[in-house]
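Following the hints, put chain H in place on chain G, whose structure we already have.
For the protein sequence lines, the chains are G and H, in the order given.
If you count by full-length UniProt numbering, then the first sequence holds residues 1 to 280, one letter each, in order.
If you count by full-length UniProt numbering, then the second sequence holds residues 1 to 498, one letter each, in order.
Since the hints were made in silico from the structure, they are not lab data.
Among these hints, one or two may not hold up.
Computed footprint of chain G on chain H, listed as stretches where at least three residues anywhere in the stretch have a Cβ under 8 Å from a Cβ of chain G [to be verified]:
id	segment
1	281-289
2	295-306
3	328-337
4	350-357
5	384-391
6	466-476
Restricting the straight-line Cα-Cα distance to at most 30 Å, the calculated cross-link-like pairs of lysine-lysine (DSBU-like) are [to be verified]:
id	chain 1	residue 1	chain 2	residue 2
7	H	K165	G	K260
8	H	K231	H	K284
9	H	K284	G	K24
10	H	K401	H	K435
No experiment lies behind these values; they were computed from the predicted model shown.
Using N, Cα and C, we set each Cβ at its ideal position, and we do this for glycine too.
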Amino acid sequence: VCTSRFWFNYRHVANTLSVYRSVKRLGIPDSHIVLMLADDMACNPRNPKPATVFSHKNMELNVYGDDVEVDYRSYEVTVENFLRVLTGRIPPSTPRSKRLLSDDRSNILIYMTGHGGNGFLKFQDSEEITNVELADAFEQMWQKRRYNELLFIIDTCQGASMYERFYSPNIMALASSQVGEDSLSHQPDLGIGVHLMDRYTFYVLEFLEEIHPASQTNMNDLFQVCPKSLCVSTPGHRTDLFQRDPQNVLITDFFGSVRKVEITTETISLDDDVAGFESK
Amino acid sequence: ASAQFQLAVPVAVVFAPGSVPGDLPRPLPFRDVREMENSVNLRTSITSRYETVYRSTTAQEEAALDVATAREADAALRPLQDASLGCLTVFVVPESSSLLPQGISVYVGKHRSALVRAGGGLAALRTRLQQLTQVMSFTASSIATALSDRVPDGQLGPDARRHLKSSLGYEITFSLLNPDPKSHAVDWDIEDAVNRYVQPVLDKLSLVANFSVDSQILYYAVLGVTPRFDKESSSFLLSAHSLPHVINPVEARLGSSAASLYPVLNFLLYVPERSHSPLYIQDKDGAPVSTNAFHSPRWGGIMIYNVEAPASSQASLPLHVDVDMVRVMEVFLAQLRLLFGLSREELPPEFLLESPGNEGLADWELDRLLWAHTVENVATVSTTLTSLAQLLDKIGNIVIKDDVASEVYRAVASAQSAMAKLATGHLYSAFQASKEAVTSSERAFFDPSLLHLLYFPDDQKFAIYIPLFLPMAVPILLSLAKIVREARQRKKEPTKMD
Numbered sequence: 001v002c003t004s005r006f007w008f009n010y011r012h013v014a015n016t017l018s019v020y021r022s023v024k025r026l027g028i029p030d031s032h033i034v035l036m037l038a039d040d041m042a043c044n045p046r047n048p049k050p051a052t053v054f055s056h057k058n059m060e061l062n063v064y065g066d067d068v069e070v071d072y073r074s075y076e077v078t079v080e081n082f083l084r085v086l087t088g089r090i091p092p093s094t095p096r097s098k099r100l101l102s103d104d105r106s107n108i109l110i111y112m113t114g115h116g117g118n119g120f121l122k123f124q125d126s127e128e129i130t131n132v133e134l135a136d137a138f139e140q141m142w143q144k145r146r147y148n149e150l151l152f153i154i155d156t157c158q159g160a161s162m163y164e165r166f167y168s169p170n171i172m173a174l175a176s177s178q179v180g181e182d183s184l185s186h187q188p189d190l191g192i193g194v195h196l197m198d199r200y201t202f203y204v205l206e207f208l209e210e211i212h213p214a215s216q217t218n219m220n221d222l223f224q225v226c227p228k229s230l231c232v233s234t235p236g237h238r239t240d241l242f243q244r245d246p247q248n249v250l251i252t253d254f255f256g257s258v259r260k261v262e263i264t265t266e267t268i269s270l271d272d273d274v275a276g277f278e279s280k
Numbered sequence: 001a002s003a004q005f006q007l008a009v010p011v012a013v014v015f016a017p018g019s020v021p022g023d024l025p026r027p028l029p030f031r032d033v034r035e036m037e038n039s040v041n042l043r044t045s046i047t048s049r050y051e052t053v054y055r056s057t058t059a060q061e062e063a064a065l066d067v068a069t070a071r072e073a074d075a076a077l078r079p080l081q082d083a084s085l086g087c088l089t090v091f092v093v094p095e096s097s098s099l100l101p102q103g104i105s106v107y108v109g110k111h112r113s114a115l116v117r118a119g120g121g122l123a124a125l126r127t128r129l130q131q132l133t134q135v136m137s138f139t140a141s142s143i144a145t146a147l148s149d150r151v152p153d154g155q156l157g158p159d160a161r162r163h164l165k166s167s168l169g170y171e172i173t174f175s176l177l178n179p180d181p182k183s184h185a186v187d188w189d190i191e192d193a194v195n196r197y198v199q200p201v202l203d204k205l206s207l208v209a210n211f212s213v214d215s216q217i218l219y220y221a222v223l224g225v226t227p228r229f230d231k232e233s234s235s236f237l238l239s240a241h242s243l244p245h246v247i248n249p250v251e252a253r254l255g256s257s258a259a260s261l262y263p264v265l266n267f268l269l270y271v272p273e274r275s276h277s278p279l280y281i282q283d284k285d286g287a288p289v290s291t292n293a294f295h296s297p298r299w300g301g302i303m304i305y306n307v308e309a310p311a312s313s314q315a316s317l318p319l320h321v322d323v324d325m326v327r328v329m330e331v332f333l334a335q336l337r338l339l340f341g342l343s344r345e346e347l348p349p350e351f352l353l354e355s356p357g358n359e360g361l362a363d364w365e366l367d368r369l370l371w372a373h374t375v376e377n378v379a380t381v382s383t384t385l386t387s388l389a390q391l392l393d394k395i396g397n398i399v400i401k402d403d404v405a406s407e408v409y410r411a412v413a414s415a416q417s418a419m420a421k422l423a424t425g426h427l428y429s430a431f432q433a434s435k436e437a438v439t440s441s442e443r444a445f446f447d448p449s450l451l452h453l454l455y456f457p458d459d460q461k462f463a464i465y466i467p468l469f470l471p472m473a474v475p476i477l478l479s480l481a482k483i484v485r486e487a488r489q490r491k492k493e494p495t496k497m498d
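If we strip away everything but chain G, and leave its shape as in the complex, we get:
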């Protein structure tokens, strides 16, 4: 979810799209991704390279591409819609791609970026979501068993305040900065004129580039990403609600999709001649 709009928040859109790309690369199909963006970057009149969103200096990687599937764009990215997607209390006319159709075996990854403060996250400059509301939404999800395990990553200023209030089981949370600290952006690009990415997400993506679908890297390595020397802010994480030891949790459990598979050993026997049947 990218919660910002306007040209100077280019980096938030680039953050979100880069994470979206990595997750797709590791195997999660679009039908299992809900992407919420203001989507006003690629066609913004101030964009010197129209129809692109870059995440790297020297314009190495165009994360917008031509197969981005944005589910909630522009003014649809509101706190209400976000909470509706999470809790499932969606009007019946909503199409399948805009719903979170998860069940008790699904592992969910939630990535949010934008501008935040102590206990809240700003949505599109007009409203806020508080950490209490988010915690309550997760509890509603847990009551209805809409997730098996949930990984929450947030890259905003004072991000750690957003996960302080969680109380439902099986949630692990990562944030780019502690309460009282600001998350900083990574590098400005002189050609485009804005900062392209935030530091925390940049290092997380570097880390994810080395993961492939069969990788055995675990969560403890993700916690080490972006130490204070590189990130200036102190990333934090919260694992007390999570049942398994982070050492045993694979990155691909959340970022990729490795399914349980069984060999089919039984067959049934069918009679070929079904009496009285006309073949077409």
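Coordinates of chain H only, in the frame set by chain G:
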């Protein structure tokens, strides 16, 4: 929420002449009831009641049993039995009877009856009966699996959450993947195959849920994994541990119906490229799998269909391939059964199960599904409504619309009816009631008006109104105080002056 499930199974034990054990407690006919209790967790328990009627055969049943094979007996007995869902009839035949083959003591038919060879007295018969009810109706673990979200995680076996959750409908999609259309022009008569082989199975399962079937053909869809070439068998092999990575690249292209919210079951038939033919799946021990297929719980199944290389290398490409739909459907329908949790693997040794043929599943297997789904539905309703009640407690000023309220009442009434019917052994009406209960409770819980965001908690109200009204209230309160003081002084003065 606490739930005490009482599941009653009506069983009839019918003794053919010459098979009555000598140590019966009372003369036939008589009834007895056996109860077993299982606790799933601190607040949920399941009590199974087996209400058994012991009697001897009627003349018609004797005639039906007087045939050559067990299969014919099963067919002949069918019209004579109580056909309601959930009931079991066990016919005990004399030890020397030739109906059951050598070495087999129990034959389970396609419908709801079984034949047991007599011998060993009442205790041995009771053991057999217990084994039979475990196979034909439910076991403690099959019900516990249905209640998987109440069981503490450590106690669940690997089976839990593997079978499809109870849902009002399922969408089935058959896809043909042809990565090499230049070499193979593949034709599959899916419409005919669905009508002939799949529809009878779905018709049988229509009691459980609504099914809709689609099919599609995808070209240039490749597996995400490169198979290894094995010189000994001169074929290509896919090892078992690379199978999980096959599904994802394909899934992105599968698509699903935008309108329906039912779970989708995908069955894929993959025809390997000419350069990778023949392709076999290897299991963990390195042996090729006979079905050449694998499935993923709650998702669907994939089968690999190898095309014979043409005799002469001068054959013109593309080769025309007519898919043998019988072979394919045998595997797909078996996978469908496994996805629903109907497996025939673990049986005691002297049991013989009749194959259900084109119907896909026996009547008692349908019963098994219905027992599990009914219990799951009622448990889900209970959890949902409890959660809704907790939400209402938390947000005091939430508004419940009339239709939400009526859905809640309906859900409660249906759930109670389902529990009552389960306790008396009426499986069909219990299942229908549980379906209604789930539909109503889901509609009530997921009503868009119940979003907690829409209702301000009290502390937010204070936070908004106090900064507005407090500054205004200060001069008002001060002047009120002044007025009261003046009024009191005026009252005092007249009395003083008097």
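Open item on the list: Output the indices of the hints that this structure fails to meet, ascending.
Closed with: Of the numbered hints, just 6 does not hold.
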